[in-house]
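As a plain string of letters, each chain reads:
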Amino acid sequence: MQVLDTKMKHLLAQVQKPARYMGNEWNARKKDHAAAAVKMVLAFPDLYEVGMSNQGLKILYDSVNNRPDMLMERVFAPGTDMEALLRDYDMPLFALESGKPLTEFDLIGFSLQYELSYTNTLNMLDLGRIPLFTEQRHDKVPLVIGGGPCAFNPEPLAPFFDFFILGESEECLPEILSLLKDWKKEVTSRQDLLVRFSGQEGVYVPSLYRPVYRGEKLEKLEKEEPGVPEVVKKRLIRDLDNAPYPTAPVIPYMQTIHDRAVVELFRGCSRGCRFCQAGYIFRPVRRRSREKIIETACEQIAKTGYEELSLASLSSTDYPQLDQLIEELDRTLAGEQVKCNLPSLRLDSYSIKLADRLHRGKRSNLTFAPEAATERLRRVIRKNISEEEIFTALGDALDAGWQGFKLYFMIGLPTETETDVEAIVDLCFRIRQYFRRKAGRKISISVSVSTFVPKAHTPFQWEPQLPLADVLARQELLQQGFKKMPGVDLSWHDAETSFLEAVFARGDRRLAQALELAYSLGCRFDGWTEYFSMPLWRQAFQETGVKPEYYAQRRFAYDDVLPWDHLDCGVEREIFIREHRRAFSSDMTDQGEPQ
Amino acid sequence: MIRIRFSFARSETLKHISHLDMMRMFQRALRRSGLPLAYSEGYSPHLRFNFAAPLPVNVTAAEEFGEVFFSGAVSPEQFVSVLSEQLPEGLVLTGARIEDHDAPSLPSLVTAVLYRATLVVEEGCRKGFSQYRQALEHLLGREEILAPRTKKKKKKAYVNVRPYILEAYFKEPENDSPIQLQMLLQAGSRGGVSPFYVIEQLEKELSCDCKYEAYWELHRERLYKEHDQFLQPLSEGM
Chain A
5 MQVLDTKMKH LLAQVQKPAR YMGNEWNARK KDHAAAAVKM VLAFPDLYEV GMSNQGLKIL
65 YDSVNNRPDM LMERVFAPGT DMEALLRDYD MPLFALESGK PLTEFDLIGF SLQYELSYTN
125 TLNMLDLGRI PLFTEQRHDK VPLVIGGGPC AFNPEPLAPF FDFFILGESE ECLPEILSLL
185 KDWKKEVTSR QDLLVRFSGQ EGVYVPSLYR PVYRGEKLEK LEKEEPGVPE VVKKRLIRDL
245 DNAPYPTAPV IPYMQTIHDR AVVELFRGCS RGCRFCQAGY IFRPVRRRSR EKIIETACEQ
305 IAKTGYEELS LASLSSTDYP QLDQLIEELD RTLAGEQVKC NLPSLRLDSY SIKLADRLHR
365 GKRSNLTFAP EAATERLRRV IRKNISEEEI FTALGDALDA GWQGFKLYFM IGLPTETETD
425 VEAIVDLCFR IRQYFRRKAG RKISISVSVS TFVPKAHTPF QWEPQLPLAD VLARQELLQQ
485 GFKKMPGVDL SWHDAETSFL EAVFARGDRR LAQALELAYS LGCRFDGWTE YFSMPLWRQA
545 FQETGVKPEY YAQRRFAYDD VLPWDHLDCG VEREIFIREH RRAFSSDMTD QGEPQ
Chain B
3 MIRIRFSFAR SETLKHISHL DMMRMFQRAL RRSGLPLAYS EGYSPHLRFN FAAPLPVNVT
63 AAEEFGEVFF SGAVSPEQFV SVLSEQLPEG LVLTGARIED HDAPSLPSLV TAVLYRATLV
123 VEEGCRKGFS QYRQALEHLL GREEILAPRT KKKKKKAYVN VRPYILEAYF KEPENDSPIQ
183 LQMLLQAGSR GGVSPFYVIE QLEKELSCDC KYEAYWELHR ERLYKEHDQF LQPLSEGM
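Top line first, the protein sequences correspond to chains A and B. When we follow the working numbering, the leftmost residue of the first sequence carries the number 5, and every step to the right adds one. When we follow the working numbering, the leftmost residue of the second sequence carries the number 3, and every step to the right adds one.
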């Protein structure tokens with residue numbers, strides 16, 4: 005921060021973890037406001053330590069700041085203590101690099117990673133003294149835009165955002181800022197600018213479309229301007245090797261969730277798990293070349309001093325000749341004392357072998373996600389792995405010296421019965437027995453169970469979420485089952501939080517009012533159990549006449565208009581229908597690769 | 003193996019980070035510097051690096067110490083010039099020298115630390131100097147000042163920290179100068195007390211209820227070691 009006035013000093017002296025708000029990190033880009041033709045602040049609606057673990061944020065930070073005429077700073081959701089202080093002191097929310105209030109930027113871009121950060125988004129606008137609704141903002145107020153996975157169904161946020169970018173923004177964002185720069189020299193209205201933006205590939209301007217409802221149902225979306233596209237297509241980086249990628253990322257002072265060098269191996273995923281939104285919206289698979297990966301890794305290590313390197317993707321062991329890549333990385337980084345790791349391991353012997361090679365030092369925990377405990381249900385969700393494979397992989401990992409395992413499951417999946425839930429208990433019991441026989445040492449097992457949330461742009465987008473009462477009953481079933489199993493640690497996601505997530509994941513514009521009211525009632529950090537309040541949300545839904553169950557628990561028909569039908573993620577509707585039908589058909593033989 | 007002991011100052015811009023943040027920041031700066039670092043042997047090798055005493059969050063410092071081991075030749079001058087390029091605004095290396103290999107570790111030397119607390123008054127709170135002096139007299143007159151210590155298994159225990167306040171006095175103010183409190187506090191392996199805790203207790207003696215109008219700025223002036231039963235600045239002999 006450049007100017008620390010007394011008020012700010014006072015604030016930082018009182019707040020918890022002041023490092024969240026101080027900026028000034030190594031590799032942070034402090035650019036001159038007077039010299040920048042266009043200024044943007046990237047807003048992440050969660051705490052600093054969460055936001056700074058997001059790789060997308062780092063990619064965008066570089067892609068904009070590498071342009072001499074542009075500037076991008078960062079702002080994160082203030083903790084509840086900082087919010088109280090800002091309001092007490094009557095101070096606006098400020099960007100980290102310059103300490104300037106958000107109103108001094110031309111554009112505020114929110115990274116929308118999960119639905120449960122929506123109240124934080126509104127809170128940040130309010131703390132930044134930006135009118136919440138687009139229609140209240142005059143020409144001098146910064147534009148408010150959004151991107152990230154939630155932009156694929158942004159309808160509940162429509163009245164608050166000037167536009168959204170669909171898909172990968174690292175090329176699109178500088179283009180948009182360039183247009184904005186030109187517009188600033190002209191004297192035309194904001195409306196004119198938005199119409200201009202709507203012509204850009206990947207840009208969705210919600211105010212140029214008007215939903216029409218018949219009864220409860222969404223009937224269609226009408227265009228407010230003749231020229232705007234019928235369907236907005238997502239942006240896609242075709243060649244990862246030539247796309248911008250950070251080589252000198254900002255190094256946080258405080259411990260963040262992921263605090264390490266990250267090189268992305270590839271984008272997209274060829275597995276096609278039917279519940280997984282990332283698996284669909286990031287298609288097709290695009291790889292970074294081995295040479296480029298090694299070059300980027302070395303440069304990142306040299307410019308950050310990080311002691312850990314993550315080879316990231318949605319399913320890293322699917323990278324072709326991964327063992328060769330690791331070997332070369334090993335050779336190139338020899339002597340640098342860098343630990344490599346592979347997130348999102350698959351449960352197979354090949355993956356275990358690789359993890360084994362990568363992991364020097366103490367072997368603590370390996371994480372796997374079988375998602376469902378019966379082969380039948382795993383076929384339904386297309387997580388095709390046999391029980392035999394699971395046990396072989398676990399056995400290999402045990403031989404390699406791993407001390408503990410974390411297993412992820414989901415409940416409430418389509419076609420799931422209580423038998424499938426009991427099977428989770430049974431499978432873990434057998435894994436524990438197997439470990440006891442085989443290991444002769446104490447192996448820790450922790451089991452984490454989340455609740456299925458149907459997401460837009462997946463084959464399960466038409467499926468209802470399991471009603472709350474049933475989710476609670478199945479969680480109870482798990483608790484009873486695991487009670488008799490000492491040494492296995494069970495945790496589960498709060499059922500109501502998952503319910504709220506489902507409401508917004510498949511929501512439409514009629515939710516906006518409820519969202520605004522929930523925010524005014526004090527809802528913040530809805531993804532954090534210590535802050536989440538369902539009673540406040542119930543009140544907000546009730547007072548705005550919204551039936552949340554309608555969104556979360558309704559089964560959509562193929563001919564229903566979905567709130568996100570005008571947004572094209574690149575996967576044809578026929579593929580979703582085919583995959584949806586296959587999930588329920590008994591014939592599982594034809595499971596050809598997607599794309 | 004070369005062992006380098008160095009001193010540094012931390013200013014306003016960097017005072018909000020924790021001891022662990024400082025450790026990470028220094029180690030990453032060292033790794034970027036390209037100097038020939040020595041790593042520990044064993045399963046997960048780590049840098050051989052240490053500070054004399056953890057520096058609390060929200061405290062600036064004039065003269066802190068650290069040490070680091072190198073596997074190859076490094077001169078103190080080279081160390082300062084190369085590492086300085088990798089350190090952020092707010093941190094300045096003020097000196098370095100080569101230390102004997104078998105010299106005692108830095109943290110084991112520190113027995114006391116000297117803080118200066120400055121009262122920054124904004125609107126409202128205008129308590130007089132005499133009130134503060136009286137409150138301090140009361141505080142120091144107490145036989146026991148209990149501070150909570152969270153022990154293992156979350157059992158709360160209390161420790162009497164009064165003996166750890168070796169000395170505390172207000173500087174005689176001149177004209178408009180702010181109120182300044184000097185505190186010499188025990189530190190190191192034999193136990194210590196946070197300067198913030200002492201101030202909190204002082205405020206309680208004042209029964210000061212103004213939450214926002216005044217606050218204290220803390221500065222650590224010096225670290226001390228023991229020498230012939232007397233305290234001697236750690237910088238002595240550096």
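Note that these hints are calculated values from the structure, not bench results. Treat the hints with care, since some could be wrong.
Derived EDC-like pairs (lysine to aspartate or glutamate); straight-line CA-CA distance at most 20 Å [claimed, not checked]:
#1 34(A) to 202(B)
#2 307(A) to 23(B)
#3 224(A) to 87(B)
#4 11(A) to 23(B)
#5 13(A) to 87(B)
#6 13(A) to 14(B)
#7 189(A) to 179(A)
#8 13(A) to 91(B)
#9 11(A) to 14(B)
#10 21(A) to 146(B)
#11 307(A) to 87(B)
Per the computed footprint, the stretches of chain A lying under chain B, defined by three or more beta-carbons under 8 Å from a beta-carbon of chain B, are [said to hold, decoys possible]:
#12 309-315
#13 504-516
Don't be surprised by glycine CBs; every beta carbon is placed ideally from N, CA and C.
Status of the hints after comparison with the structure:
| no. | hint | in the structure |
| --- | --- | --- |
| 1 | 34(A) to 202(B) | violated, 37 Å |
| 2 | 307(A) to 23(B) | holds, 18 Å |
| 3 | 224(A) to 87(B) | violated, 60 Å |
| 4 | 11(A) to 23(B) | violated, 24 Å |
| 5 | 13(A) to 87(B) | violated, 27 Å |
| 6 | 13(A) to 14(B) | holds, 9 Å |
| 7 | 189(A) to 179(A) | holds, 16 Å |
| 8 | 13(A) to 91(B) | holds, 17 Å |
| 9 | 11(A) to 14(B) | holds, 14 Å |
| 10 | 21(A) to 146(B) | violated, 30 Å |
| 11 | 307(A) to 87(B) | holds, 12 Å |
| 12 | 309-315 | holds (count 3) |
| 13 | 504-516 | violated (count 0) |
Comparing the model with each numbered hint stated earlier shows that hints 1, 3, 4, 5, 10 and 13 do not hold.
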